[in-house]
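Given the structure of chain B, go ahead and fit chains S, G and D onto it with the hints provided.
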Amino acid sequence: MPIWMLLAVFFALLILTGLTVYQSQFDLGNAEIWLSLTIATVKAALVILFFMHLLWDKPLNAIVILGSLIFVALFLGFTLMDAEGYRENLIYKSTVKASQPGAKGDEIDN
Amino acid sequence: MSVADRPIVSPASGEGAAYPEHHFLNHTSGFLSWALTLDHKRIGLMYLVGVMSSFALGGMFALMIRLHLWNFKDGWLSNQTYNQVFTLHGAIMVFLFIIPSIPAALGNFLLPIMLGTKDVAFPRLNLGSFYLWVTGLVLFLTALSITGLDTGWTFYTPYSIETQKGGAVLAATFGVFVLGFSSIFTGLNFIVTINTMRPPGMTWFRMPLFLWATYATSIIQVLATPVLGITVLLLSAERLLGIGIFDPKLNGDPVTFQHFFWFYSHPAVYIMILPAMGIISELMSVHCHKGIFGYRMIAYSSVAIALFGFLVWGHHMFTSGMADVTTIVFSALTFTVSIPSAIKVFNWLGTMYQGTVSLNTPMLYALAFIFLFTIGGLTGLPLGALALDMHMHDTYFVVAHFHYVMMGGTLVAFLGGLFHWWPKMTGKMFNDNVGMISAAIVFVGFNLTFLPQFVLGTRGMPRRYATYLEEFQDLHRLSTIGSLTLGIGLLVALLVLLHSLFYGRRAPTNPWGGATLEWVCSSPPPHDNFATAPTVGDPYDFNGIEYDAKQGGYVKKA
Amino acid sequence: MPFILADKVAPYAWFPEGASSFAPQVDYLFTGILWICILFFVPIVIAMVYFMWAYRERPGYRGSPEALHNTPLEITWTVIPTAIVVWIFWEGAVGYLDMARIPKGTVDVNVTAKKWVWSFKYENGGENSFEKIGTVDYPKLVLPVDQDIKLIMRSEDVLHSFFIPAFRAKRDVVPGRYNYMWFHTTKTGIYDLFCTEYCGDNHSNMNAKVEVVSEEEYKKALEKAVQEPEDPLERGKLLYKRLGCSTCHYAGDEGANGPGPSYNGSWGKSVPLESGESVQFDENYVRESILNPPAKKRKGYGAASPMNSYAGRIKDEQIDALITFMKSLENAPAKTGK
Amino acid sequence: MTAIQETAHESEHAQDHHHDHPAWLAHHFDDAEQQFDAGKLGMWLFLVTEVLFFSGMFCAYSLYRNRDPQVFEFCSRFLNEKLGAINTGVLLFSSLTMAWAVRAAQLKQHKLLVGMLGATLGCAAMFLGVKAVEYSHKWELGLFPGKFYVSQIPGAAHGEHGYLGSLCIVPLILTIIAGVYYIYSLATMSKFHQQVAGPILVAGACFFGGVQLGRILEAEETTHHAAEHAAHEHSPGASHDHSQDHSAGELLPEKEGGEVIALGHKSIEDVKVMSEELKTPDASVNQKSMAGLFFSIYYCMTGVHAVHIIGGMLVITWLIVKAAREEFHDQYFGPVDNVGLYWHLVDFIWIYLFPLLYLIT
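Chains as they are written, first to last, in our numbering: chain B, 1 to 110; chain S, 1001 to 1558; chain G, 2001 to 2338; chain D, 3001 to 3361.
Since the hints were made in silico from the structure, they are not lab data.
Predicted, not measured: the structure shown is a model, and the values here were computed from it.
Don't take each hint at face value.
BS3-like, lysine-lysine: derived pairs with alpha carbons at most 27 Å apart [unchecked claim]:
no., chain 1, residue 1, chain 2, residue 2
1, D, LYS3138, D, LYS3082
2, G, LYS2132, S, LYS1073
3, G, LYS2121, G, LYS2209
4, G, LYS2132, G, LYS2150
5, G, LYS2140, G, LYS2104
6, G, LYS2140, G, LYS2269
7, G, LYS2140, G, LYS2150
8, G, LYS2187, G, LYS2220
9, D, LYS3108, B, LYS58
10, G, LYS2224, S, LYS1073
11, S, LYS1073, G, LYS2140
12, G, LYS2140, G, LYS2297
13, D, LYS3147, G, LYS2297
14, D, LYS3147, G, LYS2296
So that you can see chain B by itself, here it is in the shape it has in the complex (with noise of 0.2 Å):
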């Protein structure tokens, strides 16, 4: 890899990094996390094709890095849908609403 890309990427990804670093200071709301998520895809897609050589390397290595990804979206997907769907049970919210029917009759002795 010819030094003018290293250092080209190496850069690339400063400017990242900066800009990733100056969008959090705005209050972006909801959408903060998936812009900064964004760029740190970005930075990471380019670390893995040119630091990596990912771009110049025989398919298969993509396909397993690649393919790790889907699994690890599985599992964070899966239980993070449970755990949005119980979260009404969870007691210290339920403690809180009030409105959670039957909690009321569960208080502790005190």
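Then chains S, G and D, alone, in the frame of chain B:
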């Protein structure tokens, strides 16, 4: 006619197959030549000794459990001891025996030979994983001896955070961590070997089905086991630093632990059963002397099982209060795994059809496998059906179900494979008649042990109970009698094998008539397996493989 | 077969007698799946044994070495099982949704699980009583017949699981959250209740009985439940069981073979501590041990399962009642339970 | 890039001395290409296990962030984003030097190779130095994981506990040893030893450079924070929280510093109900079960990452030794390549950790 009945021609007399004067067993000698060996065959044999010893230990605990449950109360162990015993039984059997049994012991020995290479891709890593396994064993024994682990093999939080057996939990979780990496490196090694080292002619669809199964297993090992690693690491941190991620007292969530744990441990079930299915595919075709029925379907179904296996972990948690949507999705996905398993059973039967069935020890074990695994698989159906699982979850029905799959499946296949490749590994023939008796005793004992447990389970007997209601006592006693029978059967099998080491006759190159590459190199194989890359043909082409009385085994006739 | 499928207690086969509206549904599904399994299993075994015999290796017989392949057959044995499992999934999911969707207008019961006792609190604030069956004192949950019952479940320590086989109903009790379950009672009688999630030393003793009674009897039971005994000693005895002390500490001639020290013959005496010191077994010591158990551990109990603090879960007068009970055991024989 | 190369660990494994094989080709491989492909695929598979290993912690992170976003917002204020950004830059630079090292190995630029590896090692050390400042600063504020979290008003109490000093002991000893080794190499005039000792000594210096850099930036941040917190302390939530802690804990044992040990859910719930009513997120999250949980996740993620950095430093040191022996050439640079892959993965993970932990607003 079994092999033992055939006329024996001693190769020593100068006739018959060339018994190799020089092979991997006597290639070098001395303790260090084994302890530092990079030869996959020796590493496989060391694993074999290791996993069999662990199995003996785990089996001892199993008998302790069964004997304790002879009476419905006042068994000979205290509740506390009983809890430790069943925990260690589970943990040792799962982490030290079943997971490494077929891939690490038989797989290590066979994979390079079946593939036609000299060794696995990373021989040193291979030795490294063996020593990681040994470290894991030592840590487990430490957990056993310091206080006795009592969390159940699943380490469910918050019990594992609260229990007084803190040292034991730490030792055991660290042991699991280390064993996990042992398993990862084995899988990694196998994937690389199969991907990059196939000799000319060995295309994907000329690989023996055992290799397909091992490959599928390795994928799971590499993808799922790291999650177990981080899970037990977080659990150790929970104990040491009180990080609270799984601790409800600190607002952590114990169900999260279950998600983490089962993301590994369900696919781990397929780490256990897939290689067993691979062995059965080999055994069925070789001992029926007939090409395997539906080769591609079996190969694809192995990979399908491995991948679907990642989607179903939630079925261990149906009653834990998961969200309804998640529960239903997991139930639906669970059933997808049953189809490829069913396909395999049908294919094995198809292989027998119009073949030439040799009834010998490995074949009897293979047939026992089909019987037991079918029961194990079918009893998974009521457990996958949500409404029924509400009743059956955490009862003896589940206990019986997974013993049918793991023990009736994996262990029986492991024994079948062990008998099948024993002549290749040691160069000695065992007494086939006594071997068949052992298979019969194991079969009867196994069913006697676990069939009653299905009934116990549907009637509501919860698992992990040290004492129980009197009404369950008869069935429990039946099960205990069965377990003793099973123990005797296994002991007979062990004695047959040990006997052969000292008194067995020398094994021919191809005692069963197999067509895969391991039956081309001598028994035992030479140090480098193949001096030059072997000619690779169809692994299930039995044309012209004929019994040759002179050699005492099969030879390929043109 | 009769030996396996019949029972000393009730003449049932696979399942205990059903007593909730879920039972017929679950039993029907199980029977259906059982027949499907038999329909698969029996032909498989027959084929296996037949092939084993018909194609056995024998002089003069030589089977074909060629691999067979039959695509229509393979498709058939893929499609048929698929259709069948879709049906099983559907039935199971429908049944599950029925169990998960809690109807309106239920009779609510608060269930608290702790090592190793179940406690139940009725809608009127009354708590469960105990009933001795054989040698064991079971917590008893009284429920009205022909009603939708909703359970609001909470755990104070580790995972437990609430299981009534006769109702075909089970749900884990998870610390840190409420789990809910419901069922519709259909039959009066006394049923077993088990904890099915491993929870430590006395997991297998964490049982209870559920008594389903008529509406009138249920009302009576509710009235009785709110009346706690006036007499401090009686009250102390009840609390000893209700708060779960009996699962670890032997007292009088009751209690489990638990990990804690016995109350018998201790009151007023000086007892040795794990730290090497000793302490007077008096009001202060008892109070401290209830609110902050690890502070002064008795000698020989350092490695026992830890007792959780009752701080915030127990009233002062309840502590007093327990103290009265312990005082009454001043001269009880100093033995431990089995 | 796709030239035929060999991996190092197999090359030494020619135990049978087949004379038809070159020394660097393991006897069980047919040819160099096969050996290279095997090594590379093995490395990628190892990276897959690393990705899944970290995925567990990312899962915990998303779970709890999703559940209590206010906790994450509150707590990330105590992470110094300047330090995080500096560390990101340092790691990115080390990735650059690592990639350059691979190039140097292929081109037989031995001196450049040693230099690049040394630069990578130095960056890694500097990263750890900054990290040491970050950790010790948090410990001094009582920002420990989980149950050790001390819920004072963070920023208010500044005890000097000497955490930083303790963290520096091991690096200091290692640097001194490296210094002695360097003097020895000068004395013996061994070029090889000088090439090995030099980078290690520089790395040691970089660690302390990182510490110094971290301290300067942290000091700036602290003055800023202290001002911010002076304002917070006047808010009703903060003071109320403290008193409530005590009343709820009447019967509870107290730990040093008046911190209540939460024994059941009750005390946790109480505090939560109270704080929710007061609508002051600071008060409700500033406790073991909330902020403590965040710091658990923070320490787990960055700690495991730091362990990977240390592991990487060990293998880079090993590479420097080999490079100083001039072992690598255009036919043989597999080890540099594979260690490079590992190092970039460590960088890769930090690329996600930085915005997820430091940049939450």
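Now for the hints, and whether the structure bears them out:
1. With a C-alpha separation of about 15 Å, the suggested pair LYS3138(D) and LYS3082(D) falls inside the 27 Å cut-off, and the hint holds.
2. At most 27 Å may separate the alpha-carbon atoms for a hinted pair to count; LYS2132(G) and LYS1073(S) meet this at roughly 17 Å.
3. With a C-alpha separation of about 15 Å, the suggested pair LYS2121(G) and LYS2209(G) falls inside the 27 Å cut-off, and the hint holds.
4. For the given pair, LYS2132(G) sits about 26 Å from LYS2150(G) by alpha-carbon distance, which is consistent with the 27 Å threshold.
5. Proposed proximity of LYS2140(G) and LYS2104(G) is supported: the alpha carbons are some 25 Å apart, at most 27 Å.
6. With a C-alpha separation of about 35 Å, the suggested pair LYS2140(G) and LYS2269(G) falls outside the 27 Å cut-off, and the hint is violated.
7. The straight-line distance between the Cα atoms of LYS2140(G) and LYS2150(G) is roughly 16 Å, inside the 27 Å bound, and the hint therefore holds.
8. Only pairs whose Cα atoms come within 27 Å are accepted, and LYS2187(G) paired with LYS2220(G) is accepted, the gap being roughly 18 Å.
9. Restraint check for LYS3108(D) and LYS58(B): satisfied, since their Cα atoms lie roughly 24 Å apart, inside the 27 Å limit.
10. The suggested pairing of LYS2224(G) with LYS1073(S) is violated, with an alpha-carbon distance near 33 Å, which exceeds 27 Å.
11. Annotation: proposed proximity of LYS1073(S) to LYS2140(G) holds, straight-line Cα distance about 21 Å (limit 27 Å).
12. Distance hint between LYS2140(G) and LYS2297(G) is unfulfilled; the C-alpha atoms sit about 32 Å from each other, more than 27 Å.
13. With a CA separation close to 23 Å, the supplied pair LYS3147(D) and LYS2297(G) stays within the 27 Å bound.
14. For a cut-off of 27 Å, the pair hint linking LYS3147(D) to LYS2296(G) stands: about 22 Å separates their Cα positions.
Going through the hint list in order, the structure does not satisfy hints 6, 10, 12.
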